[in-house]
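Chemist: Taken in sequence, the protein lines are chains E and V. Each step along the first sequence adds one to the number in my numbering, with nothing skipped, and position 240 is 240. Each step along the second sequence adds one to the number in my numbering, with nothing skipped, and position 7 is 7.
Hints are not guaranteed to be accurate.
Quick list of simulated restraints, FRET-style, between CB atoms [unchecked claim]:
1) S399/V <-> I22/E: 53 to 63 Å
2) E17/V <-> L8/E: 52 to 62 Å
3) T126/V <-> A24/E: 35 to 45 Å
4) D77/V <-> W135/E: 31 to 41 Å
5) S158/V <-> F242/E: 29 to 39 Å
6) Y424/V <-> P323/E: 20 to 30 Å
7) L23/E <-> V285/V: 31 to 41 Å
8) T126/V <-> L8/E: 30 to 40 Å
9) Q476/V <-> T255/E: 46 to 56 Å
10) E17/V <-> V11/E: 52 to 62 Å
11) R9/E <-> V285/V: 18 to 28 Å
Which stretches of chain E does chain V cover? Using the computed rule of at least three CB atoms under 8 Å from a CB of chain V, they are [said to hold, decoys possible]:
12) 94 to 103
13) 200 to 213
14) 220 to 227
Here are a few chain E residues that sit away from chain V, every Cβ distance over 12 Å (derived from the structure) [to be verified]:
15) F31
16) F120
17) F143
18) W154
19) V162
20) H182
21) A232
22) M256
23) E326
What the hints contain is simulated information worked out from the structure, not anything from laboratory work. By construction, the Cβ of each residue, glycine as well, lies at the ideal position given by its N, Cα and C atoms.
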Amino acid sequence: MNRTNKILRYVSRRLLQGIPIILAIIVLNFFLLNLAEGDAVDVLAGEAGSATPEYMEQLRAKFGLDKPLPVQLLVYLKNVVTLDLGYSFRHDMPVSKLIVDRFWPTLLLMVSTIILAVGFGILLGLLAAVSLNTWKDAVITVFALITYATPLFWVGLMMIVVFSLNFGWFPTSGMENIAAFHEGFDRVKDIAHHLVLPTITLSLFYLALYTRMMRASMLEQYGLDYVVTARAKGLTERRITFVHVLRNALLPVVTMAGVQVGALIGGSVIVESVFAWPGLGMLAFESLFARDLNLLLGIFLLSSALVVAVNLIVDVIYSFLDPRIEIG
Amino acid sequence: MTKHLLSINDLSILLPEGADRKCAIDNVNLTLNAGETLCVVGESGSGKSLTAKAIMGLLPAPHVRVGSGSINFGSEDLVQVSYERLRQIRGSEISMIFQEPMTALNPVMSIGNQIDEIFRYHASMTKLERQGKAIQLLKDVKLPDPKQIMNTFPHELSGGQRQRAMIAMALALSPKILIADEPTTALDVTTQAQILKLIKEMQSTYNSGVLFITHDFGVVADIADRVAVMQEGLIVESGKVDQVLNQPNHPYTKSLIAAVPSLTPRAPRKKSDESVIEVKKLNKVFGGEKSFFGFGKSKRIVNAVQNVSLDLFQGETLGIVGESGSGKSTLARCIIRLMDYDDGDVSIDGTNISKMGRAEMRPVRAKMQMVFQDPFASLNPRIKIGNIIAQGPLIQGKSKSEAEARARELLSVVGLDSKSYDRYPHEFSGGQRQRIGIARALALKPEVLVADEPVSALDVSIQAQILKLLDDIRIQMNLSMIFITHDLRVAAQVCDRIVVMRYGEIVEVGTTSEIFSNPTHDYSKELLNAVPGKGWEKENKNSASL
């Protein structure tokens with residue numbers, strides 16, 4: 001069978017398998033969120049200051065919150081299947097519109113973080129392994145250790161203190177300078193400028209992780225028999241490192257990167273809050289306190305779909321990197 | 001005297017501080033001439049592989065390095081030449097093939113690319129020329145469909161094909177010297193015979209000198225012109241192949257040769273008619289079940305064991321021989337129900353055990369015990385030896401003191417110090433660990449011992465000791481034994497009857513002498529023909545043994 005066909009078949013099968021997974025995640029999330037005390041009505045009433053129990057009951061009936069949980073779940077599932085994610089009373093907007101608006105900033109942040117973390121992680125790991133036991137290796141290892149051990153929110157705050165407040169190089173928060181009404185390329189530049197600090201903050205931990213992994217993976221590969229063979233064939237060390245060892249050493253890093261995309265969404269909650277980045281993470285944070293369950297469920301649904309998709313992409317990439325992995 | 005192609009003079013290789021000896025090899029002298037095959041023989045740790053690596057400058061520096069001496073190749077000393085010059089020599093003038101072709105090839109690079117890079121780094125040729133040359137090479141080493149092989153990856157080839165590809169790579173630039181480091185150890189015996197033949201043919205085509213490292217005297221007898229025997233870093237004896245094999249001088253050489261099992265089966269013993277284990281129409285298929293989330297994904301099905309019926313009689317040793325993938329280990333595991341089978345019946349002492357549940361099986365398990373192949377992987381590294389042995393009796397309901405007494409007794413039965421009781425597996429050598437494995441199996445006083453390649457990971461002298469131990473124990477405890485092996489020499493010395501397996505099926509059953517003197521099935525004949533060194537009559541063996 002030809003390869004393209006095989007991959008297409010594999011992808012469609014994996015997408016089909018994703019449906020029950022996502023449904024299971026919805027059900028689980030639904031019950032988990034309902035375990036928490038209080039609902040949107042409690043919050044609304046609390047904020048309004050004066051609400052009679054009768055009025056609260058009326059609101060609950062209006063939102064459908066008075067029905068038993070299984071019924072609420074079935075209604076929600078039915079809506080999801082028809083691609084209706086419900087309405088956020090808090091924001092007075094349909095959930096789907098809200099999360100799609102907030103999705104792009106998060107995606108931008110995630111993609112730039114992954115590129116930075118994986119790219120530089122691989123580079124630094126490679127450099128450390130090639131110059132094993134020299135000062136370069138020592139500097140990289142210590143750098144990786146420190147960033148690995150530093151909490152995200154602290155890094156974010158320090159970044160703001162040092163680079164925004166002291167040096168004034170970067171803006172402290174937000175995604176763009178709204179008052180400036182930039183258009184076209186200027187707007188891209190402005191967003192990129194705002195992107196720098198959040199990306200660095202979010203990627204440092206992963207950068208350290210990938211650096212360490214890549215270094216260990218390179219060293220492990222150097223010890224294998226095929227490297228001896230390559231030397232016995234009279235290849236240059238350059239060729240051995242960059243062609244033979246590098247590609248083999250990449251495999252575990254790619255696997256890890258794929259697995260961690262999910263964790264990255266979690267990490268973005270903190271970073272988005274620190275930098276007031278208008279993404280899903282911040283939205284999730286706000287809606288949690290507002291008990292805006294519809295919105296939260298929508299965000300979780302999108303995130304789980306994203307994780308399923310990314311895992312699939314990684315698996316396909318992996319099959320190209322490693323011919324031993326057979327798709328199908 | 002003509003000038004040698006390669007001469008190693010007083011070469012010493014230093015080991016790092018704290019190793020069990022100071023020098024990996026000490027004052028080694030070797031010479032190799034064009035068109036000649038020099039075999040370096042020795043057991044593990046004798047320094048034979050390091051000698052080969054030193055020639056290529058492939059020692060794992062900086063921990064292991066040349067201390068003194070020279071390696072003269074042409075007008076150059078390979079110990080002294082610059083790194084760049086050494087790189088040029090590697091692969092073009094001296095090349096090397098390795099033991100395990102799976103790990104020696106880069107798993108993510110196509111065979112074609114791996115051959116191509118030799119040309120790229122040693123010769124200036126256009127892409128098309130290189131490709132043509134590579135295809136020609138693959139044809140020379142008799143790989144089927146060379147054009148297609150160019151685009152395959154190592155895992156898509158069989159072990160023998162991979163080693164052929166390795167040889168093609170090594171011969172790409174018609175080297176003056178080919179170093180072969182145990183190139184057939186990981187291969188099946190029939191494949192081994194083909195590869196040895198190929199190396200011989202290539203040698204006569206290119207008139208290269210071959211330095212062949214091996215531990216197998218059968219292989220030596222088949223291909224060597226001259227032999228050097230190494231023991232703990234020293235060359236204890238060297239000379240022409242006939243002389244070393246048939247009139248060895250050094251006691252070590254004598255003991256090694258004496259330890260090689262003879263191909264002449266031992267005298268048949270009286271056979272009992274009482275069947276201990278009866279296997280009827282056993283079938284085992286791998287990869288048959290469909291998973292729920294598979295959505296019609298087609299799975300590869302392997303018929304590991306097909307329609308196998310056999311009997312094991314009281315007191316006999318039944319050998320199961322076959323090449324890798326023939327299903328011999330799977331069959332053994334199915335018989336003692338370490339693995340569930342799809343179809344068929346197994347009875348022990350007349351009781352059918354195929355349908356028994358876990359609890360019902362437990363008392364039966366004590367009757368059948370297993371000794372595994374790899375003594376390093378089959379002992380739990382975190383449990384003391386004594387507890388490993390005592391575990392079985394404890395599970396079967398013996399008291400703690402009883403189990404301990406039994407374990408101590410068994411340690412002495414298998415020839416280990418009783419102080420071993422409180423030690424951990426890593427403190428023992430391979431041979432000692434295999435003794436521990438045997439003691440563990442004996443702890444439950446089994447009726448049947450299943451030994452799955454119990455000696456194939458061991459050096460030949462240790463192998464002889466373990467085989468003797470197994471034989472003594474079998475007589476002493478009146479055991480019946482199923483002995484799985486790929487080595488027909490071992491089978492000849494150990495087994496009363498032999499079952500030959502191929503592709504999960506039994507192709508021939510017979511007494512050892514029947515199979516060896518008069519095999520009926522073509523495959524049995526092929527196997528026997530492929531045994532290395534079968535032409536080497538060990539007429540002096542008895543006088544040479546200690």
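Chemist: Failing hints, ascending?
Modeler: Hints 3, 6, 12, 13, 21 and 23 contradicted; others consistent.
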